[in-house]
Amino acid sequence: MAQPSFDRRRVNGPEESFPPIFPDLPAEPLVTNGKRRDGRALNDVRPIFLQTGLISQANGSAYIETGNTKIACAVYAPRQLKNAQYSDVGRLNVEVKFAPFSSKIRRAHLRDVEDRSIGQLVYQSLLPAVQLHLFPKSSIDVFITIIENDGLESCVASASMAASTALADAGIEMLGMVVSCCSAINDDGIWLDPDTAEVKASRGTLLLAGLPALGTITNLWQAGQITSLDALRCIDACHERFKDLHDVVIDALMQSNRAKQAQALS
Amino acid sequence: MATILSKAEKSYIVTSLTSSPPLRQDGRAPHDYRIISVITGDEVAPLANGSAKIRVGGTEVVSAVRLEVEDLTSTDAHKGRIRCNVTCSPAAYPHLNGNQQDDIQSDLTSILQATFTSNDGSTSTTPTFLHQMSETLTILPGRKAWLLNLDAVVLSDGGNVYDVLFMACRAALWNTRVPKTRAVEYRDPTQKGVAGEKTINNDVEMTDLWKSSVQTKKATKAADFELEDYWDHGEPLAGRARCPIAITLNLLPTVHILDATRTEEQAVPLKLVIIYSFSQDGDACFAGMRMLGPGDLPLEYLKGLLGEGEKYAKNLILSLDSQLKTQWS
Amino acid sequence: MGSRVEILNPGGYRSDGRKQYELRSMDITLGSTSSSSSTVVHDLQNAMAHPHPTAPDGRAHIAHGLTEATAQVFGPREAQMRRDAIHDRANINVQVVMLPFSGGASSRRRGRGDKRLLELAAAIKSTFEPVIQTGLYPRSQIDIIVEIHQQDGGVLQAAINAATLALVDAGVALYDQVVAVSAGLHSTAVLLDLTHYEENDCPHLTVGVMPRSGKVTLLNMESRLHVSRFEHVFSVACEAAKIIKGEMGNTIGQRTESLVSAMAQGEPTYGRTAAADDMMDEI
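Residue numbers (our numbering), protein chains in the order written: chain A, 239 to 504; chain B, 61 to 389; chain C, 13 to 295.
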């Protein structure tokens, strides 16, 4: 094992490279007069752009942009599971990849632990919604590419929403649309949809995913140290945004539907 | 994960759990734990700085702490780190293939690592247990620190592996003794004036000036450290009482059960893993939450569970601690 | 280094106080008995230790001095992968894991694909292939999983002995019980059951013997030993194997006796009743 895992099939970066050095700018305060650096209030999420059908080969796809976070999601489903034992429920596969240029430090092209843990979180958010018993002996593959990453927690939240939109676009039956929201808690209070700098300055983060149509929760994830009272406040704050997020998702689906109909007519 | 249970078996377990009173295969009440046995110290892993073995029913986890000296560079954190790793013996998951075993391993590692990684940028006023621990792990601030390797091995999984894993880690950290060190400075013997100066490390006493010390570079802070005494005389980790503990609630629409066996785990649609850390005065604090499984639940039910779990965690931690205290005063 | 410990001092004693041909103390536990020294934290009135669905069919723990290994046997069971099934005999599958804090030469972590572990596993597999009556279990698979808990020399020896005992505990048909022992040579003196320290200094070999037939199923030597000395070392090792075989046989006998008497009482053998526990402690 003298040779490290060097991938010959790709164009690799130069052998010796150094990250650019930036001058240390005085840190901008994260909050001034109750407004965050991008001008939104503490309990506001970043503006969301969500559109379906960008990846034409996939059965369904979605692209989501919240602030600097950019995520593309493709769904290939249902696919037959060959060479596998018969199972009466389908299998949901979620794979997350970071683009090499998605973070400040270049990500190598190998699967790392972070990919899997994020994939697991998205998987858990989607799993209760997808009606897997309708797809025996088949698999539903969801591929998520994180093009730009600004806050891992918000990546998970956006990716879950994009994935559920893409699943709907692919015509996979679901119990409802999955929406997800994350929050960070600091001494100043609760910040919704935090970006990387805000997560870094926080005491703990919490992510909530659910189906607003049924009023149920499908995923709850928390890290850092949060008192019980704060956790409940975080959950409530996230839950309050569910309706708005759901509207965004529905709107994107309606638009794509209208576009499809218009195309069919012409 | 490959299913071991048939549909009929699943529905048999679920119906008996949801009947009133709830019935479990082994006759336990819904919120009872199986017998928990604890072994700590050299009997488990004599080469480690602290170790523990916890057995709950068919689940067995060994956890051990090893300390290594690490040079801190300016880009690293300025304090001791904790590095977690979970290994699963193939005997714990004999029905799974290698890749699936690796996935379980990395899932368990990531939940452990996430809980034991401190967020350094935090401006919060109350220090977490991780801050307290890394204070103990510091040898020379900004230069050298102990790197705490927390290795856990799942020897067999008879259900409820998260709870047992965190119990084992708590017991191992409780059992850990960090060797006492004292700072040593190499000084130019000609510089008589600075002989009485305090060393940088404030919690260890200053050594006598080494008369025979080698002439080193002019840098006055060319410091190293030496061990004060043998391994087993070290000091315990600060903040070990606040080390987190996990409670897995196995959720059914009407009831939840604790400490599910492997079969019950397979039958129950949703698991909620909550990790609590308790302060000295018994105030609970969440250190992590996960939801696992294909079920969903209403928000109000979920909020109630967070409080319920705290009660269970408190009981569990009381009984575990009383045992740890008797095993090693 | 000035303070070198003598391998064999003029009085004929080794660094740990043993004589030349003395074996380290052995400790064998058969079956999944809970360790007696554990303390109960949270008691329950009528707790029964139900065997969980993935419990092994056979299990054995062995300690040769400070070296400790546990072997677990699953099977014979249906082959997981259809391509692994052999139509006229069982497929034996061996996996070796080293616990991260088991110590030994390198404390670095060994993953699943580690070459050293694969080599150990291959050695164990080839040892047992001629011994297990694989023809009795066509199209099935026998998994042997060996966990090395602590290492202080003689890892292969401990792993093989543990695997033999676990196979016996699982009730897998064997032609004979394989017993392994390590032996080394210090100048002209033969040493048995080497510690890690002695292994570093002496040429040594590990022999796997079937004591009843006197056949050898394994001979593993990674160091240089003069041909003229080899036969002597080898024959001493084969003698020592008979002693270990006696110890293992005793334990197996006791275990069987306790199982038979438990069955006579109408107790399930896995019931953790006081009576059964006492019997386990006697072993």
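Errors might be hidden in some of the hints.
[As the list claims (entries may be wrong)] Restricting the straight-line Cα-Cα distance to at most 25 Å, the calculated cross-link-like pairs of lysine-lysine (DSS-like) are:
(1) A:Lys308 with A:Lys273
(2) A:Lys320 with B:Lys363
(3) A:Lys375 with B:Lys67
(4) A:Lys335 with A:Lys308
(5) B:Lys363 with A:Lys481
(6) A:Lys481 with A:Lys273
(7) A:Lys375 with B:Lys363
[To be verified] Some chain C residues close to chain B (C-beta under 10 Å, calculated; not the full set):
(8) Ala67
(9) Glu159
(10) Ser225
(11) Gly226
Keep in mind the hints are simulated off the structure, nothing from the lab. For each residue, glycine too, the CB sits at the ideal point set by N, CA and C.
Notebook entry, point to check: Hint by hint, which ones does the structure fall short of?
Noted result: Structure breaks hints 2, 7, 10, 11.
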